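Student: Sequence:
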Amino acid sequence: MVGRRRRRYDDRPVLSVRDLSKTFPARRGDATVALDRASLEVESGSFATVLGPSGSGKTTLLRCIAGFENPSDGVITLAGRTLNSPTTAPVRPHSRGIGIVPQEGALFPHLSVARNIAFGLTGTSRSARRDRVDELLDLIGLTGLGDRKPHQLSGGQQQRVALARALAPEPKLILLDEPFSALDAKLRVELREEVHHLLRRVGATAMLVTHDQSEALAMADHLIVIRDGRIVAADDPRDVYDRPPDLDTGRFLGDATVLPGQALNTPTGAEVDCALGRLSVDAWHGAEGPCQVLIRPEELSVEQTAAPDEPGAIGVVEALSYHGADLRLHVALDELPVNLTVRVPGRCRYAAGDRVRITTAHPVCTFPAEAS
1072 MVGRRRRRYD
1082 DRPVLSVRDL
1092 SKTFPARRGD
1102 ATVALDRASL
1112 EVESGSFATV
1122 LGPSGSGKTT
1132 LLRCIAGFEN
1142 PSDGVITLAG
1152 RTLNSPTTAP
1162 VRPHSRGIGI
1172 VPQEGALFPH
1182 LSVARNIAFG
1192 LTGTSRSARR
1202 DRVDELLDLI
1212 GLTGLGDRKP
1222 HQLSGGQQQR
1232 VALARALAPE
1242 PKLILLDEPF
1252 SALDAKLRVE
1262 LREEVHHLLR
1272 RVGATAMLVT
1282 HDQSEALAMA
1292 DHLIVIRDGR
1302 IVAADDPRDV
1312 YDRPPDLDTG
1322 RFLGDATVLP
1332 GQALNTPTGA
1342 EVDCALGRLS
1352 VDAWHGAEGP
1362 CQVLIRPEEL
1372 SVEQTAAPDE
1382 PGAIGVVEAL
1392 SYHGADLRLH
1402 VALDELPVNL
1412 TVRVPGRCRY
1422 AAGDRVRITT
1432 AHPVCTFPAE
1442 AS
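The opening position of the sequence shown corresponds to residue 1072 in this note's numbering, with each subsequent residue numbered one higher.
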């Protein structure tokens, strides 16, 4: 996860969603609750990401904001204008002032690049449309390619055209619906960085919907986590990752192992005893006694087994996975039926069967113990 950028947006919410619910009726059995009193805000000029697994409600949320679905209850406002509420008629999608970048771009195949970009520029003169298209072609680095058809472009170029089309009418909000999911891994990273830079450059307010944790963490000024139709976290991505509100969110955001522990409230602050020794607590669940301790691979250190009286947990390397820049060790602990995953530099040399000691100096998060 990269360092947080200096914020260049103001704190006025452009988008406000309040207690939004959406229920889909069923012909047989119970209705499906896709959104359950979801609330969020997106500030002017910021980049928000909505992160959730399949079936979490994230796509329904986007479709309600865009106007493609009418919520069962709740209020959506954009720049002070009510788009949906129980007491007003819904604003139609094309009148909302929202630009959308759908999955895989979805360009019109029979139109040129220039005509795709100009598609939403209604009510303007021909010269104004031409100037705006030229401006956007320059912005996305495709000057001179306006006469080409979408099939003559690469996948990355098509996505840039889709972004330019969404930006053309100068909308108040850009919605991105998993636009990088069909691209290969390297291009996906390159294009998401480019799109992020372009949106920053024009000062757009944007909201990305994704199931990709690394994508959400890398791009967001404001991270919104949705699960079972409910917003379970909404904050700076570093804060949500380092101090998740619950164990399920912590596990979902990245690799993690959960150890049993005993929480203590000491004069110097909260601490926890676990297999790794006595550790300081960064985010405490607030109760002494049995608890669960969330440990991430990058928070751990590993060394060849030393004297038995040294702190830490001893175990055996059961498996390794090499990722180029880093090596992941899967270690079975001697004292617990638990495997810890440790991330070390790729140049390190370990082998299956090595006995190692695992320690950490990193403050940890604790959560209530599982009910017996």
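A portion of the hints provided could be inaccurate.
[As the list claims (entries may be wrong)] Keeping only pairs whose Cα atoms sit at most 20 Å apart, straight-line, the calculated DMTMM-like set for lysine to aspartate or glutamate is:
| # | residue 1 | residue 2 |
| --- | --- | --- |
| 1 | 1220 | 1206 |
| 2 | 1243 | 1283 |
| 3 | 1257 | 1286 |
| 4 | 1243 | 1397 |
| 5 | 1220 | 1241 |
| 6 | 1257 | 1397 |
| 7 | 1257 | 1205 |
| 8 | 1220 | 1209 |
| 9 | 1220 | 1175 |
| 10 | 1243 | 1114 |
| 11 | 1257 | 1283 |
| 12 | 1243 | 1286 |
[Claimed, not checked] Here are the computed distance ranges between Cβ atoms for each label pair:
| # | residue 1 | residue 2 | range |
| --- | --- | --- | --- |
| 13 | 1212 | 1099 | 49 to 59 Å |
| 14 | 1099 | 1201 | 32 to 42 Å |
| 15 | 1174 | 1348 | 29 to 39 Å |
| 16 | 1432 | 1182 | 53 to 63 Å |
| 17 | 1252 | 1095 | 49 to 59 Å |
| 18 | 1348 | 1094 | 28 to 38 Å |
Derived by calculation from the structure, the hints in this document are not laboratory data. Since the structure is predicted, the reported quantities are computational estimates derived from the model, not experimental observations. We put the beta carbon where it would ideally sit given N, CA and C, even for glycine.
Student: Going through the numbered hints above, which ones does this structure break? Give me the numbers in ascending order.
Tutor: Those not satisfied are hints 2, 4, 5, 7, 12, 14, 15, 17, 18.
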